[in-house]
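Trainee: The primary structure of each chain is shown beneath.
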Amino acid sequence: MSHAADLHAAHVPIATRRSATGIPTARLAVWWVLASEIVIFGGLIGSYVMLRLHHPHWAEEAAHTNTLAGAFNTFVLLTSSLAAVLAHQAAEAHDGPRAARFLGGTILGGLVFLLVKGFEWSNEIAHGFTIFRDVFWSYYYVACGLHGLHVIAGMVIMAIVAADARRGRNLHRVELIGIYWHFVDAVWIFLFPLFYIAK
Amino acid sequence: MSSHDHAATTPGHPSYVRIYLVLLALLGVSLLGPTLEIPLVTLITAFGIAVVKATMVAAYFMHLNIEERYVWYILLLMLGFMLVMFAGIAPDVMLPAGQNWLHLPIEPPAPPAHP
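Residue numbers (the numbering used here), protein chains in the order written: chain A, 5 to 203; chain B, -9 to 105.
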């Protein structure tokens, strides 16, 4: 190792250089975050399935959710996931500005998703389907609300990563936020049939 | 190993647009299936396809198909925890009666008053 490389290595934290598992530390950290998210969403979805099977009348409550809006939001999240993975592809080609543009598209997808959700919720609440009406609606608002918070968090982090990527900095983070965003997409793929299709 | 080294070890990116189109087609099937109003078809088209879609997103978009095995161990461990929780709680929630307890009948809520 040259003297310059020695100096560089001395200034890089050891946590970013070591890799006992063969996985870059940052990516491994994202996977651990997602592992904890599996337990959170898995517990919520698992307990919902248990109760749903035992309470057939929930189907009557589920009949009031807006399937078209849910399907449109599924389309929006799948499209935003495509933009996120194309951003990753651009980052690997060292094209930061292009990666930033795709990340912008993903953020836009998140925004559209939240707007549709806001429209749905305001309509449902106006018709008396509030979080206190029934356990079905409690699950609906908690699960979709928790998912929505993850969408917001992803959009904020993605905006920071995109600002860096536009300047060609920290391009490896484009993949990391993409993995997170795809997970949020995968969670919605399960929430959609549970709350909007099973009626 | 950096992120770009990881990319270099991959034989090349799959066609993400093609995967996206397959996902959209599956979304269409999951919407059409329940219109037949056959419970088994609804179960397969809604939830079976959800599993397929989520697997495709994880495999191709999250690149789990080329990820180190260690990540699989982490994720499968968490799914195992989920199953333990389900198996532990399900008898209490889903059975109509147990030792010294009964499920009380629950009245469905009244229709909401429209404003």
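Think of the hints as simulated: they come from the structure by calculation, not from any bench.
Note that the structure is a prediction, hence the values are computed from the model and not measured.
Errors might be hidden in some of the hints.
[As the list claims (entries may be wrong)] Okay, derived cross-link-like pairs now, EDC-like style, lysine to aspartate or glutamate, Cα gap no bigger than 20 Å in a straight line: (1) LYS203/A with GLU64/A; (2) LYS203/A with GLU27/B; (3) LYS203/A with GLU57/B; (4) LYS203/A with GLU96/A.
[Stated by the list, open to error] Chain B stretches covered by chain A per the calculated footprint, using a threshold of three residues with CB under 8 Å from any CB of chain A: (5) 14 to 20; (6) 78 to 90.
Ideal Cβ placement from N, Cα and C applies to all residues, glycine included.
Trainee: Evaluate each hint against the coordinates.
Mentor: So, going through the hints one by one against the coordinates:
no., hint, result
1, LYS203/A with GLU64/A, "holds (7 Å)"
2, LYS203/A with GLU27/B, "holds (10 Å)"
3, LYS203/A with GLU57/B, "violated (37 Å)"
4, LYS203/A with GLU96/A, "violated (44 Å)"
5, 14 to 20, "holds (count 3)"
6, 78 to 90, "holds (count 4)"
In this structure, the hints that do not hold are numbers 3, 4, in rising order.
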